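S.K.: Read off the chains here:
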Amino acid sequence: MSGVKKEFVQLLANYGHIGFTFAASILIGLGGGIYLDQKVFDGRTSPWFTFIGLAFGIAAGYKSLFEILWRDRNLEKKSDKEDQGD
Amino acid sequence: MEHPILFISIILEKLGLPIPHGPVGHTFLEKLCEPYMTYTWLVMAFLFFVSKLTLGNLEMVPGKGQNFWEIVVGGMDDFFAENMGREMTDKLFPMIATFGLYIAIANLIGLIPGFMSPTASINTTLACTIIVWIVHHIIGFRAHGLNYYKHFIGPVWWLVWLLFPIELISNFARLISLSIRLFGNIMAKETLLTILFMLAGAFFAPLPIMILGVLVSLVQAMVFVLLTVVYISQADAHAH
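Quick mapping for you: the protein sequence lines, in order, are chains A and B. Using this note's numbering, read the first sequence as starting at 1 and increasing by one per residue. Using this note's numbering, read the second sequence as starting at 1 and increasing by one per residue.
Treat the hints with care, since some could be wrong.
Said to hold, decoys possible - Label pairs and their in silico Cβ distance ranges:
1) SER46/A / VAL214/B: 43 to 53 angstroms
2) GLN66/B / LYS5/A: 18 to 28 angstroms
3) ASP77/B / ARG44/A: 53 to 63 angstroms
4) VAL40/A / ILE153/B: 17 to 27 angstroms
5) ILE18/A / LEU159/B: 36 to 46 angstroms
6) PHE66/A / THR27/B: 21 to 31 angstroms
7) PHE41/A / ASP77/B: 13 to 23 angstroms
8) LEU11/A / LEU58/B: 28 to 38 angstroms
9) PHE28/B / GLY43/A: 32 to 42 angstroms
Calculated directly from the structure, the hints in this document are not laboratory data. Here the structure is a predicted model, which is why all the values come from computation and not from measurement. Glycine residues also receive a C-beta, built at the ideal position from the N, C-alpha and C atoms.
Use the sequences and the hints to build the structure in full.
M.R.: Written as structure tokens, this is what we have:
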């Protein structure tokens, strides 16, 4: 593969999964909350754990989103330093 | 919907082996004859024999076949070393490179009529993902011992109640996003191709989707490898 194509595929790989990870985090948080409400506490605490789980899920989604962005920035910084060192 | 023609299933059926007609077989033999199993073995055999044929006798001055593999393996080795360090690469290169090659071939094989992508089944992708997920935790425990829990509690102690569930959820989200993304992309490609073949196969309607399919296949294999490398390097690195 030529350089441009390789970079294109790498960029797609880097950012193509952001949306899915975000959705998966929210789904897991919401699912955990519903499970706690309906199965563990038999609906007595409904709907509180569902909302708490949803909030945690959304927070986890944003966390993984920022993690991807910050990772890229750190890598850029590192490569800049290495370029200067060479 | 018309079932796609899978030639391995037809051959096995002619041989008298039971082919499951639902998505999941009931007996052990039926489970072994499911299309995604048989096509997984086909991909394994393909990778084995092609590398055997092209790398049967290594030479100092590489020929065509050896040259190809040197580029593929060398490129992956450089990429891993860049992202997770030389030591980790030497330890884990066989596993991750196998995943990369297997997923790439398994995705691409579905573009040929009569073949099916084994990765278009959630069983295959989930199996790969669980292996990766467990391995990155093992790497974390081996690198930090019991201090590995510090990866999950955030930087300051009074935010633990908030950050621990968040870290836990985003860690489990890896399991889902890695497996379902690969499965969903490839299954969508397969289903779209099947439908287009049925509707207007004679007018080359599936052709543009096939071109996109090549890109999707390579990108998804790349994503899987890249995320594996990133997760392992994060587990190996020090907590924030």
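S.K.: What are the numbers of the hints that this structure violates, sorted from low to high?
M.R.: Failing hints, ascending: 5, 6 and 7.
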